[in-house]
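Protein chains in written order, with UniProt numbering: chain A, 1 to 109; chain P, 1 to 809.
Errors might be hidden in some of the hints.
Said to hold, decoys possible - Simulated pairs of lysine to aspartate or glutamate, EDC-like, Cα-Cα distance not exceeding 20 Å:
1) P:Lys748 - P:Asp789
2) P:Lys606 - A:Asp11
3) P:Lys482 - A:Asp81
4) A:Lys47 - P:Asp557
5) P:Lys592 - P:Asp608
6) P:Lys496 - P:Asp470
7) P:Lys209 - P:Glu223
8) P:Lys752 - P:Asp441
9) P:Lys205 - P:Glu180
10) P:Lys482 - A:Asp71
11) P:Lys556 - P:Asp600
12) P:Lys496 - P:Asp441
The hints are simulated quantities; they were obtained by calculation from the structure and are not laboratory data. This one's a predicted model, so the numbers in the text were calculated from it and none came from an experiment.
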Amino acid sequence: MNLIDIAALSDIPREGARVVRTPQGCVAIFRTATDQVFALDDRCPHKGGPLSEGIVHGTSVTCPLHNWVFDMATGEAQGADDGRVATYAVRVQNGRILLDAAFLSRRAA
Amino acid sequence: MTKNLVVIGAGMASGRMLEHLFETAPGAYTVTLFNAEPRGNYNRLMLSPVLSGEKTYEQIVTHDEAWYQAQGVATRFGEAVTLIDREAQVVHGKNGAVPYDALVIATGSAPFIIPVPGHKLPGVVSYRDLEDTNAMITASRPGAKAVVIGGGLLGLEAAAGMAARGAEVTVIHLMGHLMERQLDPAAGYLLQKDLEKRGIRIHCKGATKAILGEDRVEAVLLEDGTVYPADLVCMAVGIRPETRLANDAGLEVARGITVNDQLQTSDPAIYALGECTEHDGQLFGLVAPLYDQAKVLAATLARQGAAFKPVQTATKLKVTGCDLFSAGDFADAPGREDIVFRDPGRGIYKRLILEGERLIGAVMYGDTADGAWFFDKIRSGADVTEGRDTLIFGPAFAGGAQADPLAAVAALPPEAEICGCNGVCKGTITAAIQGGANTLDAVRGLTKASASCGTCTGLVEQVMALTLGDGFAANANPPMCKCTDHTHEDVRRLIKSMGLKSIPAVMQELGWTTVGGCASCRPALNYYLLSDWPLDYRDDRQSRFVNERNHANIQKDGTYSVVPRMWGGVTTPAELRAIADAADRYNVPMVKVTGGQRIDLLGVRKEDLPAIWSDLNDAGMVSGHAYAKGLRTVKTCVGQQFCRFGTQDSTGLGIRLEQLLWGSWTPAKVKLGVSGCPRNCAEATCKDIGIVCVDSGFQISVAGAAGMDVRETVPLLTVATEDEVCEVTAAFVQLYRENARYLHRIYKWVDKVGLDWCREQVADPATRAALYDRFMLSQSVYQADPWADHAARPAEWSPVADLTLRAAE
């Protein structure tokens, strides 16, 4: 694990998201109504919509462009749609959000 | 070989037992039925409605002559049994003896008569049978004075019945509050208040000293010296098991005739049943356990194994308008805790009694709709720890497991308003349905519920489904989304009638099946709440679609378009310069003129939005809401100021309307057009609301469209002044805001509710003014430039972290 402190939990609105810019594209950090935090690629596999701008409901997010719904825990598209978004390990410690940045070096390599 | 069964007493318990017996073992017994009353089995519970005049005796007969004949029962009605000869197994009546192989004693109970002086005077009755009832009916002519001794279940039903027939009734009760065995003092107090409201005098802590009178009743004297004049005295202080026959026969009798689990007495050939019995030290007065006894005894006689186990029973008072419920144990005791809910204004009291994690008792007054639900919890002994916080609000609030879509409607009190247009409450609808209205049209005809705007149709149908049960098939109106079974219309109406003021409250109360809803219902709920409660509810940004959340239109590549407002499509060189400067500064790839007379800056990056807004704000411009389910644009022609055909100042009116309406959220987008003459250069007649100026004034027409559907507007009203145009337009927009379902444009909504109804609302001066006022109240909160607010906090619009550099290390 290569945990990087990226932000305070309070920087992200409940049932909302913020993005982290990375060399591999943006990662969306979601916060649920019950303060669970998820990290997903900010790119819908359908037409590239920014998932961080979707409506967060429960532990799912709906893409703002064409309403694909993703389970944020697995990244799997729900319902009739078929597709998957990459997810990243993330945890909250002392009110700070820590993202596992291992994927950065792996992809860079 | 058939055996002889003799039954003494034709009450409800023995009647039920015979029904079971004939069903399970037809022909096994030849039955002889004795009854001291000169009639067969009738529903004694229904004597109160007979007394009050709501029913007749004929309506409460359970078994008539034909039934007894069909079952081959030898009836010995009006004939008291004088002796049971156990040696010879023979029962002796006045008109002859009958031998038995099995004997059932079902002699019921006798009223307890306080042996005060005068208790034998004519005019003193008890309340057990039809004779008593008829005596009270005869005595309770209007103006007659009646005294009921005993403020328990029976006494109060007697009192209410006589009062309903016009008698002046006084209830004397020994204890501190009414129905002390079923109610706690608080509920007893509310009951007393309700009874007093209907003219019944209640005297608690009153001990009867004597009944006064020469040759019939004249008055009742209490220990404290109070005297109540009385033409009739009903003694309803209690009952005791009628055990004289069993005693005489030498059977084992405690307070009642002792029976085992098979209802067998100390003599194996003799059984006992009903209120005359004592089982495991317990006596019985309510019908439910007695019906259980009947079932067990029938099985025993049919030689099928069965055992009687008393269950808890709940009490409801059969006095129209007094809604009380009591079940289980509600005495104070160590280790018990109470949950109490009171609404003094509506006279509602609810108390739950918990022991450990179990619900053991419930007392309710005024609103007993959830009684059965609580009773079920008491009987099942279920663990109620989870949901204890909201337990007292009943099944409607229990959410989750209670996905019954009707639960919320079922939980509404009778006075809850269902139809807002015609002010019809749930109780009125229920009464109409019970009165025979079993179609929606019939209910509409009788009550006018859902007969106007129709948005409450779904709710009315739910009330019908609840009242009629399976006998009702609702019209198909799809639910709002997969999270709920309620339609948009139902949800809107319930938000108002249940006073729901947050998204979690709506989801909880209306039984949402998902956590946090979905991308379809959340924006709709957010809109309904902010529209209905402009002052109480706070807009939930996270429940908005991206465009409304970011106050710009997202494009396919994730960039945004920015449209500043140009009032009535009029701009200035200074504004145009500011727009041009902004387009340069933020490298806007495309600048385009829109169909609504605005300038669109396309391709702006999200993190640049606060800065570009700030620049445009500095030039005096605000958001054009080109992204909003709200007022978009008011398109105008040049009007009389320049045009040689113009009849009015259409440009000025358009600007005025836009300044009135901007910032308001609506179910779907709203576009206006104002044309200065019938040539209609502003294309007003394909807008949601179009104004066409004529010499004499202004034609206001509505419900046009030029999108997926193309519609010409239809005339709403013609008015003489600009002031009236503004008032009518704002009132109409408010009518739409309050009634339409989310995402329905005005034309779709008008199709549903009808233009006539809309016109009635805005044409009526009082209704129009009220709509206008509500619109302006909402505007006092929502007419604000969102750009100014967000431009002040640009950091929130950028990435929260940038790892591009770190990765490069």
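Hints and how they fare:
no. : hint                : result
1   : P:Lys748 - P:Asp789 : 34 Å, violated
2   : P:Lys606 - A:Asp11  : 17 Å, holds
3   : P:Lys482 - A:Asp81  : 16 Å, holds
4   : A:Lys47 - P:Asp557  : 9 Å, holds
5   : P:Lys592 - P:Asp608 : 19 Å, holds
6   : P:Lys496 - P:Asp470 : 28 Å, violated
7   : P:Lys209 - P:Glu223 : 5 Å, holds
8   : P:Lys752 - P:Asp441 : 17 Å, holds
9   : P:Lys205 - P:Glu180 : 12 Å, holds
10  : P:Lys482 - A:Asp71  : 16 Å, holds
11  : P:Lys556 - P:Asp600 : 16 Å, holds
12  : P:Lys496 - P:Asp441 : 24 Å, violated
Taken one by one, the earlier hints fail for this structure at numbers 1, 6, 12, listed in ascending order.
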